[in-house]
Amino acid sequence: MLLEVRDLHVEFRTRDGVAKAVNGVNYGVDAGETLAVLGESGSGKSVTAQAVMGILDMPPGKITGGEILFQGKDLLKLKEEERRKVRGAEMAMIFQDALSSLNPVLSVGDQLGEMFTVHRGMSRKDARTKAIELMDRVRIPAAKERVRQFPHQFSGGMRQRIMIAMALALEPALIIADEPTTALDVTVQAQVMDLLAELQRELRMGLILITHDLGVVADVADRIAVMYAGRIVEQAPVHDIYKAPAHPYTKGLLESIPRLDQKGQELYAIKGLPPNLMNIPPGCAFNPRCPMAQDVCRTDVPPLHEVDDQRVSACHFWRECLNG
Amino acid sequence: MPEQPNDPELAIAGTGMGGPMDLATSEAATLDKTPGPDGGGPQDRPRSLWSDAWRDLRRNPVFIISALVILFLVVISIWPSLIASGNPLKCNLSKAQEGSQPGHPFGYDGQGCDVYTRTVYGARTSVTVGVLATLGVSLLGSVLGGLAGFFSGVWDSVLSRITDIFFAIPVVLGGLVLLSVVTSNTVWPVIGFMVLLGWPQISRIARGSVITAKQNDYVQAARALGASNSRLLLRHIAPNAVAPVIVVATIALGTYISLEATLSYLGVGLKPPTVSWGIDISSASTYVRNAPHALLWPSGALAITVLAFIMLGDAVRDALDPKLR
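Taken in sequence, the protein lines are chains A and B.
The first sequence begins at 1 in UniProt numbering and counts up one residue at a time.
The second sequence begins at 1 in UniProt numbering and counts up one residue at a time.
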């Protein structure tokens, strides 16, 4: 495994109380593999990614337990200075909104070149040449001229390409993409996603794709991890999950996708709201919204059941769920 | 307007804009190595916050007038002999309090010194004190405030309380107490006092704007790509946080000039033989009924100078504040 997150716990200590954002997450990615992390806002998918990258704001955030093994080393045991060298060079992150993720007062060439001056100690001139190469690689036209321009002079899709170029600059082993296409138009989404998938194949990187867009997931992911209230409730290969979900939450998510053959009917929605992270319900966190909930769900936290050797589900009734 | 409904082509062109098809074609067009509609051509010069601000300023009459006044002040404080041939310290008691006469347009003061020459030479003191005090205050304030805002935690709390303590010191009273023990005849004690009492103002502004800039996504993105703290602070945060500091510092420059005059008037600021508007206003005020002109000219020069710096600060704020754009 390239990256393995083991039993990670993260909480935020605020004035109003302790918000348990991540409660024992386990997932892993191999080189060349794409893991999609699905979940609603507040399910802990971004916080887990930030903990992996080491950019969690601490305080108020605090990692209270677990390990993050990257190429065999536990990142949580490294000193900050050693960790900084891993960031950008060994693992990199692509953010949701490329306009706000690029510094408005620096030209894109300066920002791309920074990767090489910081990590590789290159001269500014060499870094500029590298920046143009990168812009060519992510297919930004007229890279030689546009390298001097500022982020606001690019369209949304082009900006996201620049973010991708920055993340890929040093050919890291792992890329975490936090909703990379959410802020883009539908047509541009596909182009950016295709580009990302293509470069990932070329460089054999591990990719963690954080998203709530089930359409994107089906096309590019190898495996899916579904998160709810800071836990992974189901993890499985893509086609298995779409064929037959083994957790009622996954099932609810899949049923709430609009489908052409349901034209004119009411769209399914999961009842209720995600739990307050300062007050997660006892037992299974999903029980107040679950159509299959029984008494045991309100008292016992479901362990991760092995559905088969590639698949886990955190539901007491995963068999019933799997059989419809 | 009345023709539009009758012209089908116009109507189609009107409704066709901005649909998803346009976005698709525009993105495709950029892929086809032709500059997109977002202005990608090489002839399009890059624009930044600073070049935008400069363009705004050049068109603003308030900026032009105040900048010309300040330019004039700076020139005469470096080369006062350009417009005043006399010596400000060479006085003739027999002409004391005399009014305007040929060669001496502003008349004479109580000591028989030429008011015109002294007013011109006074600019040097005021501009020196104003500029140096502002530089000192801005440097100290933005370094301390910026670090507190960036690292937060204990340092921030300690610095914020120290700031509060300095804010509680009344400027004039503090000046009377601190400067009355100084015997030096130079401008340095006055500048030092202004820096000592002025930095908390800038420090607060710098702290606030660093905290705002720190929360920007691009700072986190740069961190995720391996930038160190010093690089984050100097390259990503400082350029995006410096605008409010510049604005406040420009306006403060005017108030430091008037503070110098206030302190000199009270007798704790600069002391003769230094030539300063504050000293001249102070001495002229004792015989204002006999020779009002000796009070009028240095006060007028002081008022115009302070006004020019405050107007400049206003213009700079308008140009740098993106919310007014």
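Just so you know, these hints were derived from the structure itself, not from any lab.
Model, not experiment: these values are computed from the prediction.
Hints are not guaranteed to be accurate.
Stated by the list, open to error - Some but not every residue of chain A turned toward chain B, in silico, with C-beta under 8 Å: (1) Phe12; (2) Met93; (3) Leu102; (4) Pro282.
What the hints assert, rightly or not - Here chain A is said to cover these stretches of chain B; the calculated rule only asks that three of the stretch's residues, wherever they fall, bring their Cβ under 8 Å from a Cβ of chain A: (5) 213 to 224; (6) 231 to 239.
Said to hold, decoys possible - List time: in silico DSS-like cross-link candidates among lysine-lysine, alpha-carbon distance up to 27 Å: (7) Lys95/B x Lys62/A; (8) Lys62/A x Lys79/A; (9) Lys144/A x Lys130/A; (10) Lys79/A x Lys214/B; (11) Lys95/B x Lys85/A; (12) Lys95/B x Lys214/B; (13) Lys214/B x Lys90/B; (14) Lys85/A x Lys130/A; (15) Lys62/A x Lys73/A.
For each residue, glycine too, the CB sits at the ideal point set by N, CA and C.
Problem set entry | Structure versus earlier hints, numbers of those that do not hold, lowest first | 1, 4, 7, 11, 12 and 13
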